[in-house]
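Asks: Sequence:
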Amino acid sequence: MGNKKNQLRKKTENKALQKEAEELVLKGKAYFERRDYSKAEVYLKQAIKKGINYADVFNMLGVIEHIEGRFGEAISMFKNALKINPHYTEAILNLAVLYNDLGNYDEARGLYERLEQSKKGDERQKIEPVIKGKLSNLHASIGDIYRGLGLHSHAIEEYKKALDLNPDYIDIRTKLGISLRESGKIEESIKELKRVLKKDPRYTTALVQLGVSYYSLRKIDEARKKWMEAAKRDPNDEYSKMYLKLTAPIKRKK
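Each residue of the sequence shown is one higher than the last, beginning at 1 in this note's numbering.
Because the hints were derived from the structure by calculation, they are not lab data.
It is possible that some hints are incorrect.
[What the hints assert, rightly or not] Straight-line distance between alpha carbons at most 30 Å, and here's what the computed DSSO-like set of lysine-lysine pairs gives: (1) Lys160 x Lys132; (2) Lys39 x Lys49; (3) Lys241 x Lys199; (4) Lys232 x Lys161; (5) Lys198 x Lys160; (6) Lys245 x Lys160.
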């Protein structure tokens with residue numbers, strides 16, 4: 001009889017502790033959503049001490065540690081989240097972004113490829129728009145690094161992956177146009193930049209870059225038309241003014 005009472009008491013105590021821990025999680029999440037990260041961290045860490053072992057809790061703590069600049073702790077938190085749920089998209093993405101920020105590009109790429117493998121085919125359409133945006137920006141960021149190193153074929157690959165997820169990201173498509181030109185694929189560059197301007201004719205950066213691509217083909221008049229249009233749309237654009245000045249016909253003295 002005594003054993004049954006003890007078991008019942010322990011069960012009741014465990015339920016009370018679980019309820020208390022759940023309340024800490026709810027409070028932590030509420031502060032996290034309000035971006036009050038210092039308070040969120042306190043409640044979420046208390047919840048873990050009380051036995052909570054949820055992937056989303058570790059992921060939130062990883063985000064907080066990243067924001068606070070405690071990168072080692074952030075990596076540990078994201079890894080803990082992935083131990084609990086190896087397919088946790090947001091944790092994979094957050095860890096990949098952190099690795100990318102730290103310059104650990106191989107690790108970031110490996111995580112992204114892992115994520116891509118789990119989202120093949122029609123499943124890609126099921127990715128939440130916010131996650132799609134983050135993935136596109138991550139690809140573009142890696143593409144920027146490759147482009148800065150002069151590795152244009154790799155940059156093109158990354159920009160195309162980004163656009164596969166979000167075809168309407170005109171800034172990334174413009175970068176694709178630039179990399180295509182710098183890799184010698186000028187006609188393809190012009191095609192992509194025209195596609196950008198069809199989407200948004202007012203996008204000055206694409207106008208300027210289309211002018212540069214025309215200039216690369218020695219189509220000076222067409223290049224100048226694009227730069228004049230860019231200068232008209234944005235009088236403060238330094239590139240269009242500079243290119244127009246450099247390509248202005250030389251006035252000879254009579």
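Asks: All hints, please: hold or fail.
Replies: Hint check:
no., hint, verdict
1, Lys160 x Lys132, "14 Å, holds"
2, Lys39 x Lys49, "16 Å, holds"
3, Lys241 x Lys199, "24 Å, holds"
4, Lys232 x Lys161, "33 Å, violated"
5, Lys198 x Lys160, "18 Å, holds"
6, Lys245 x Lys160, "34 Å, violated"
The structure does not agree with the numbered hints 4 and 6 stated previously, though it agrees with the rest.
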